[in-house]
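Participant: Here are the chains, one letter per residue:
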Amino acid sequence: MTLKEVKDLLHGEVLCGDELLDSTQIDKAFAADLLSDVLAYAKERTLLITGITNQQVVRTVEMLELCGIVFVRGKKPDAETITLARSKHIPMLTTRYIMFETCGRLYQRGVRGCIECA
Amino acid sequence: MNVHNTAGSDKAGVLEKTFTIQGGDFIRAGEVSSTIKKVLKEIGMDPQIIRRAAIASFEAEINVVCYADHGTVHLTITPDELRIVAEDRGSGIADIELAMQEGFSTATEEIREMGFGAGMGLPNIKKNVDRLFIESTTGEGTRLEMVIEIKPRGTTEMQ
Numbered sequence: 001m002t003l004k005e006v007k008d009l010l011h012g013e014v015l016c017g018d019e020l021l022d023s024t025q026i027d028k029a030f031a032a033d034l035l036s037d038v039l040a041y042a043k044e045r046t047l048l049i050t051g052i053t054n055q056q057v058v059r060t061v062e063m064l065e066l067c068g069i070v071f072v073r074g075k076k077p078d079a080e081t082i083t084l085a086r087s088k089h090i091p092m093l094t095t096r097y098i099m100f101e102t103c104g105r106l107y108q109r110g111v112r113g114c115i116e117c118a
Numbered sequence: 001m002n003v004h005n006t007a008g009s010d011k012a013g014v015l016e017k018t019f020t021i022q023g024g025d026f027i028r029a030g031e032v033s034s035t036i037k038k039v040l041k042e043i044g045m046d047p048q049i050i051r052r053a054a055i056a057s058f059e060a061e062i063n064v065v066c067y068a069d070h071g072t073v074h075l076t077i078t079p080d081e082l083r084i085v086a087e088d089r090g091s092g093i094a095d096i097e098l099a100m101q102e103g104f105s106t107a108t109e110e111i112r113e114m115g116f117g118a119g120m121g122l123p124n125i126k127k128n129v130d131r132l133f134i135e136s137t138t139g140e141g142t143r144l145e146m147v148i149e150i151k152p153r154g155t156t157e158m159q
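Protein chains in written order, with this note's numbering: chain A, 1 to 118; chain B, 1 to 159.
No wet-lab data here; the hints were simulated from the structure. Values in this document were obtained by computation on a predicted structure and should not be read as measured data. The beta-carbon is built from N, C-alpha and C at its ideal position, and this holds for glycine as well. There's no promise every hint is true.
In silico BS3-like cross-links for lysine-lysine, where the CA-CA straight-line distance does not exceed 27 angstroms [stated by the list, open to error]:
(1) B:K127 x B:K17
(2) B:K17 x A:K4
(3) A:K88 x A:K75
(4) B:K38 x A:K88
(5) B:K126 x B:K17
(6) A:K28 x B:K38
(7) B:K41 x A:K75
(8) A:K88 x A:K7
(9) B:K151 x B:K41
(10) B:K17 x A:K28
(11) A:K4 x A:K76
(12) A:K75 x B:K151
(13) B:K41 x A:K28
(14) B:K127 x A:K28
(15) B:K126 x A:K28
(16) A:K88 x B:K41
(17) B:K127 x B:K38
(18) A:K28 x A:K88
(19) A:K7 x B:K17
(20) A:K7 x A:K43
(21) A:K4 x A:K28
(22) B:K126 x A:K43
(23) A:K75 x A:K7
(24) B:K41 x A:K43
Cβ pair distances, simulated, as ranges [to be verified]:
(25) A:R96 x B:E16: 44 to 54 angstroms
(26) A:G104 x B:T138: 43 to 53 angstroms
(27) A:E19 x B:G44: 24 to 34 angstroms
(28) B:E97 x A:I115: 20 to 30 angstroms
Some chain B residues close to chain A (C-beta under 10 angstroms, calculated; not the full set) [claimed, not checked]:
(29) S33
(30) S57
(31) F104
In isolation and in its complexed conformation, chain B is listed as follows (with noise of 0.2 angstroms):
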């Protein structure tokens, strides 16, 4: 069921993409999460399953913009889970625990100003995924692994 490395394309059924994210850019924050509700959306995947991808994916691309120099994001989608790795190099979280509380929030007052730094990324992400993985090293940076579960449904089978 847990499928790591899904290393080849040449897999039946295993989709895998990167995007890249540029730490500071809050013009084009969001620009990676929308291609990849637009990627979910031509595979016909459950409307319910895009919604919590394209959250928990905007949420996370928003953290690299205000806290990170630069980022990955990584999409997996095997027939059983969709996978989404968001990694940075950027100042990372010291306290992890801490920053899973509601309302806990190290943000600048450039990116409240924005709308953003409420301390509801990381638990509105958690709300949105099925399983939640966080690495993070503080001067260096940070690892998202966010995982969906994908219910078998006749109606959105991808091969």
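Next up, chain A with everything else stripped away, as it sits in the complex (with noise of 0.2 angstroms):
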């Protein structure tokens, strides 16, 4: 599915890249806080789900050339996060969904998870 049929799913708010969501294609997504973990297994073009918000989750996503953010439990990043996001081409959505449900209704549309097994 695209980043934009994502937002729709999710009821979702843009917070930058707007531009990039119907080219932006979502085949798999990893879901967690701890960007120690998402950085030792997301694997490239995949989606990151979130609850942290400062700009490392944006550094994150620009090393391992993740495909956007979403944000869950309503969280949005501040000004300057959103700044450097969209310097580096990065989309990101807010949700007002939980983790849990977020991940259950992507899975039902047929996003998987980047990895089996950690």
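Work from the hints to combine the two standalone chains into their complex.
Facilitator: Listed below in structure tokens is the structure:
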């Protein structure tokens, strides 16, 4: 599915990268609040689902070449973090759903984990 | 094959760059790795090597920010290998063997709140590089040398 479809499915709000939503294809995701784990396990072109909103999330996504971020539980990063993501062409959404519900909704629509076991 | 002290930029095919990192600067943590990634992209490095170098460099950079007063990252690229040396003045690592174990961490609450400090950094660096050398003195600092071999490939020649 596209990131645009992800946004609709999660009743999400776009924080940046609106122009990338249609062209960003999502087939796998990784959900964590622990960036150490994201760095150790997430594969490239994966959607990151997280509740962490600091600038390091954007840096982590940049290093790993992940394809976008969904912030859960209605969380929003500050303006500087959004500016950083925009400069790196990383689309970001926020959803009011909790992490479990977010993952469940995406899984139901065919999105899978980026690895089978850690 | 092993290139040590690649002193000159006069040497053909050798690229060297040095960056500084400020300990405790959590906002800017990652800027050095971002720049390294950009440099590697510009010279047309293989994307998989770029990714491995970026992850290793970022983990090392986060460690410097978390545990040191200040540090430097020195990048050397030869036709054979990519070498990143992260050196810092800081708390050092008391037991390197222990620090290499997944899950072992001495991170503060502040580091953990940022999403780091899970004891995955050094093991993850090891996973992403071909060779890793660690020297550390408690109370003085740490030197991390990370080497990724560049397999000769027609499409990624640097000359």
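Participant: Please list, smallest to largest, the hint numbers that this structure does not respect.
Facilitator: Hint check: 2, 7, 10, 12, 19 and 31 fail, others pass.
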